[in-house]
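K.L.:
Please model the entire structure based on the sequences and the hints provided.
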Amino acid sequence: MAYSDKVIDHYENPRNVGSLPKDDTNVGTGLVGAPECGDVMKLQVKINPATGVIDDAKFKTFGCGSAIASSSLATEWLKGKTVDEALAIKNTDIVNELSLPPVKIHCSVLAEDAIKAAIADYKKKQEESGAVKVASQHAQPSA
Amino acid sequence: MKLPIYMDYHATTPVDPRVLDAMLPFFTEHFGNPASRNHAFGWEAEQAVDKARKHVADLIGATAKEIIFTSGATESNNLAIKGVAEMYREKGNHIITCVIEHKAVIDTCKKLEKQGARVTYLPVQKDGRINLDDLRAAITDKTILISIMTANNEIGVLQPVAEIGAIAKEKGILFHTDAVQAVGKVPFDVNAIKADLVSLTAHKMYGPKGVGALYVRRRNPRVLLAEQISGGGHERGMRSGTLNVTGIIGLGRAAEIAKAEMAAEGARLNALVKRLNDGLHKNLDELYINGSMEHRLPHSLNISFAYVEGESLLMGINDVAVSSGSACTSASLEPSYVLKALGAGDDLAHSSIRFGLGRWTTEEEVDYVIGKLTTVVRRLREMSPLYEMVKEGVDLSTMQWVAH
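One line per chain: the protein sequences are A and B, in this order.
Numbering follows numbering that gives the first Met the number 0, with no gaps: position 124 of the first sequence is 123.
Numbering follows numbering that gives the first Met the number 0, with no gaps: position 111 of the second sequence is 110.
FYI, nobody ran anything at the bench for these hints, they're computed from the structure.
Fair warning: there could be bad hints in the mix.
[As the list claims (entries may be wrong)] Computed list of lysine-lysine pairs in DSSO-like fashion (alpha-carbon distance at most 30 Å, straight line):
hint: 1; chain 1: A; residue 1: Lys115; chain 2: B; residue 2: Lys390
hint: 2; chain 1: B; residue 1: Lys168; chain 2: B; residue 2: Lys64
hint: 3; chain 1: B; residue 1: Lys1; chain 2: A; residue 2: Lys5
hint: 4; chain 1: A; residue 1: Lys122; chain 2: B; residue 2: Lys390
P.N.:
Written as structure tokens, this is what we have:
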């Protein structure tokens with residue numbers, strides 16, 4: 000199977016590999032996929048509750064090159080976005096950017112799921128910690 | 000050392016230059032049709048084919064008349080199984096095979112099932128071998144054929160074919176074995192294992208692609224087959240079609256070389272496999288060998304690198320040609336059915352790499368592969384959420400995964 004140059008670039012130089020402190024109330028963690036399906040993505044976002052902007056994003060992925068590239072690209076896109084902007088990222092955006100073939104579309108779906116799961120986790124933690132209602136709903140998009 | 004390195008000798012092998020030399024004159028100079036009985040061109044070709052037939056027979060302890068040339072092992076498997084099912088229809092309709100057979104056997108059996116045959120697919124144990132008690136229990140008075148491979152193409156595990164042959168003989172059932180991966184690599188004798196039908200191919204033993212053979216026993220019992228390709232009645236009427244003379248000569252020469260060099264080559268490759276295995280285990284933890292180490296082809300190793308997905312591993316070692324059981328390397332998105340059958344867990348099937356060493360594999364190449372894999376596995380594990388969780392003490396089997 001031939002990989003696109005962008006997939007190879009993300010595979011060889013993955014952006015934002017690593018972990019954020021998962022107990023931090025400003026950090027949301029999404030863990031999606033299953034080992035028996037051959038891919039598991041852990042995607043984390045650190046959000047400034049005052050502005051609703053994603054300050055940092057990290058990932059770790061067990062999966063094929065396209066799964067690694069999809070999550071690496073997702074973290075790259077997430078940084079600096081507001082929560083609402085992040086939720087607007089569609090798997091098809093990832094497919095187009097990485098030129099994923101049809102058999103690899105599930106990798107992009109997984110990345111979208113991981114973004115949503117990470118943000119949902121952040122919101123849940125914010126509510127549980129009694130913090131102000133999730134900032135994204137108040138914050139003005141910056142541009 | 001030349002890159003890329005080829006370590007996928009189960010898939011195919013290069014043609015040995017000595018084999019090619021034997022073949023070349025028969026393309027242009029001695030181009031006759033062995034079926035031409037009335038002139039020198041035909042006689043010459045027939046003589047060369049007879050010589051090749053003898054070499055193939057010698058390699059497996061058969062007689063020349065028991066060798067039927069085909070286009071390869073897929074055809075041989077089809078001819079053996081369909082040919083028996085059709086010829087012995089009156090006697091019964093039950094076939095016993097096993098879940099880790101090559102698709103050429105499994106899909107042939109599936110097709111026969113659609114036509115009314117009954118097929119039992121024996122499971123395998125954790126080491127990749129069938130349980131002989133399962134085999135005995137599966138036999139009925141309608142069983143006409145047992146088809147169990149000699150060595151598996153993915154894990155290299157050798158089945159207890161001598162025991163299977165003895166059971167088949169005792170019950171009066173025909174025994175077919177797909178011996179594609181074993182013939183020319185380990186000693187193989189049709190009488191020692193009491194095989195009635197044996198499939199083999201040239202391109203797994205340094206011969207050309209597109210030619211193979213089916214051994215069909217002529218005595219005790221005389222095995223009959225319904226032909227699957229009809230025509231001029233070549234090959235004792237079991238396989239019509241003008242003989243692939245150059246291919247057959249290549250197969251014969253490859254068999255001759257294999258017989259002469261098998262012992263030394265097997266020992267050399269086994270030592271290289273041990274070097275590869277030891278080197279990887281020295282550098283990396285959590286490696287799992289798939290299939291028996293004891294009952295294994297000498298040139299074969301299949302390892303799962305836990306917490307690393309196979310296709311991403313192949314991407315990282317793209318100057319080394321190997322195969323993976325990962326779903327991502329197949330069109331079906333299903334991981335290897337062979338590894339699944341071992342019961343190792345789908346996650347380990349996704350993490351597997353098959354190494355096939357061969358005639359031109361060097362120590363230097365093995366050391367390069369060890370070094371390269373060590374670097375890539377370490378890098379990918381740093382990137383693996385599973386590895387991180389395990390290192391944090393999480394038991395992955397108790398996790399609730401969201402399957403997709």
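K.L.:
Return the numbers of the hints above that this structure violates; sort them in rising order.
P.N.:
none
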